[in-house]
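J.: The chain contents come next:
There are 4 protein chains.
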Amino acid sequence: MITLRRIDIADAGVLIAGARAKAQEIGVPMCIAVTDESGNLVAFERMDGGKITSITIAIDKAFTAAGAKKATHEYGTASQPGNPTYGINSAIAGRLMVVGGGLPVTVEGAVVGGIGISSGTPDQDRACAEAGIAALLATL
Amino acid sequence: MITLRRIDIADAGVLIAGARAKAQEIGVPMCIAVTDESGNLVAFERMDGGKITSITIAIDKAFTAAGAKKATHEYGTASQPGNPTYGINSAIAGRLMVVGGGLPVTVEGAVVGGIGISSGTPDQDRACAEAGIAALLATL
Amino acid sequence: MITLRRIDIADAGVLIAGARAKAQEIGVPMCIAVTDESGNLVAFERMDGGKITSITIAIDKAFTAAGAKKATHEYGTASQPGNPTYGINSAIAGRLMVVGGGLPVTVEGAVVGGIGISSGTPDQDRACAEAGIAALLATL
Amino acid sequence: MITLRRIDIADAGVLIAGARAKAQEIGVPMCIAVTDESGNLVAFERMDGGKITSITIAIDKAFTAAGAKKATHEYGTASQPGNPTYGINSAIAGRLMVVGGGLPVTVEGAVVGGIGISSGTPDQDRACAEAGIAALLATL
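Residue numbers (this note's numbering), protein chains in the order written: chain A, 9 to 148; chain B, 9 to 148; chain C, 9 to 148; chain D, 9 to 148.
Calculated directly from the structure, the hints in this document are not laboratory data.
Since we're looking at a predicted model, the values are computed, not measured.
Hints may contain errors.
When chains are identical, the list treats them as one kind, so a pair holds in a single copy or across two.
Straight-line distance between alpha carbons at most 25 Å, and here's what the computed SDA-like set of lysine to any residue pairs gives [said to hold, decoys possible]:
hint: 1; residue 1: K59; residue 2: A146
hint: 2; residue 1: K59; residue 2: I17
hint: 3; residue 1: K78; residue 2: G95
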């Protein structure tokens with residue numbers, strides 16, 4: 009039997025609030041998704057003006073980051089033409105996201121969730137994801 | 009050109025809070041989903057203990073209620089064997105939900121969103137959806 | 009943060025061995041799937057002669073049982089025409105299984121995984137799932 | 009509550025007529041899709057000779073353009089190998105189109121719909137989409 013930890017809904021709220029604050033600071037309304045460490049959705053928010061297409065993308069970024077224990081932008085690099093995981097972006101019916109903005113949420117060395125952001129540039133998305141994680145870590 | 013109204017993220021928060029309060033009252037942790045009037049997800053919360061399988065079901069109940077402007081339990085009745093919409097439950101790749109717990113959010117006669125609840129019995133789910141809507145209407 | 013327990017790969021092996029022994033006893037080669045408590049696949053075995061169509065069905069039975077914390081045959085009853093969850097069988101793109109043979113794996117009151125069996129009759133499938141769980145509980 | 013504007017079916021007819029006229033002028037029978045600002049289909053026409061495979065492609069181009077408030081050819085550039093959104097083409101089960109021919113329909117600064125064209129070269133598709141939009145703007 010394995011004993012593990014994962015975020016609860018309160019943690020998810022902190023992650024979203026942190027990401028939202030950053031999104032407001034940079035003036036880009038975002039879709040913000042939080043999954044548990046197994047990739048299942050815990051909470052989601054589409055800020056007013058967030059893109060429709062970003063709903064699924066944000067959720068799938070969080071899913072990918074939690075499930076693979078890897079930032080989606082790392083897959084972006086690893087899946088460039090000629091690189092080892094080239095083509096992996098279409099895996100899992102397209103759920104495997106290789107665009108930046110998805111980060112695993114790691115506490116004391118263990119992945120406890122995932123956060124995925126979409127609607128801005130990948131760098132903006134990633135900055136908001138990082139802000140969400142920073143907000144959570146500040147509470148622990 | 010059509011002019012219409014839809015819920016914003018603040019309204020979605022009120023809908024979720026109302027549903028969550030009812031879920032806590034009856035002691036059933038729920039998955040709570042809110043879509044806009046077009047069926048696109050605005051906000052989602054899986055209360056601690058909410059079912060994994062209910063994530064998609066809650067989202068799809070909200071999608072169905074908003075998109076069809078009809079409560080999902082109405083489809084439940086209408087799709088019984090021998091009834092006119094029999095078999096519609098598998099439509100839209102299974103997204104068309106006929107199990108109770110999805111309600112359109114109607115303001116001044118117009119559908120402005122949808123709310124979908126899952127994890128309890130259909131009656132419990134529906135009661136929480138109704139509580140969410142009551143909470144929103146109380147603010148208007 | 010939530011702390012929880014889930015089956016590990018050794019536990020999954022015990023679950024499969026128990027189900028396999030029962031399948032051999034009744035002379036029906038089975039597809040046997042084991043998921044963790046989040047519904048993600050941990051182990052799978054198609055015994056020689058197991059049905060091709062049963063691969064997905066066994067996996068989805070385990071997914072449903074773990075994710076909904078409910079036996080799939082319970083959904084079979086609850087979703088009969090006229091009953092509250094009628095039509096739920098097509099939810100989650102058809103992954104929500106209402107045919108017997110999927111059971112949550114519960115240890116000390118908490119769901120730690122799911123087991124799903126397919127290739128025989130639903131009663132045969134369920135008997136093998138029960139045998140798998142009995143084998144695991146005997147080791148704890 | 010948000011108040012917004014979207015195209016109606018009459019507007020969609022104008023968009024299609026404008027695109028069709030351009031398609032006839034260049035001698036390429038097209039699939040022409042129009043969605044509202046939420047990405048949901050409003051009208052569709054496959055001109056005699058339009059490609060079967062272009063039905064879904066045209067619809068998804070319109071969906072992408074409306075939902076992301078961005079031309080699909082912009083995604084084509086942004087998702088080239090080495091660029092920030094590389095790999096996004098397979099997102100949303102492949103619905104996120106990065107091939108030219110999808111344009112948001114913008115009126116007075118707000119996206120009110122999307123138009124997607126397919127069957128010709130991406131440049132031909134895009135020219136027809138632009139012609140549709142020009143026809144609509146001429147009526148306002």
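J.: Decide, hint by hint, whether the structure agrees.
T.: Going down the list of hints, with the structure as the test:
no.: 1; hint: K59 to A146; in the structure: neither (29 Å within a copy, 27 Å between copies)
no.: 2; hint: K59 to I17; in the structure: both (24 Å within a copy, 13 Å between copies)
no.: 3; hint: K78 to G95; in the structure: both (17 Å within a copy, 16 Å between copies)
Checked against the numbered hints given earlier, this structure breaks only hint 1.
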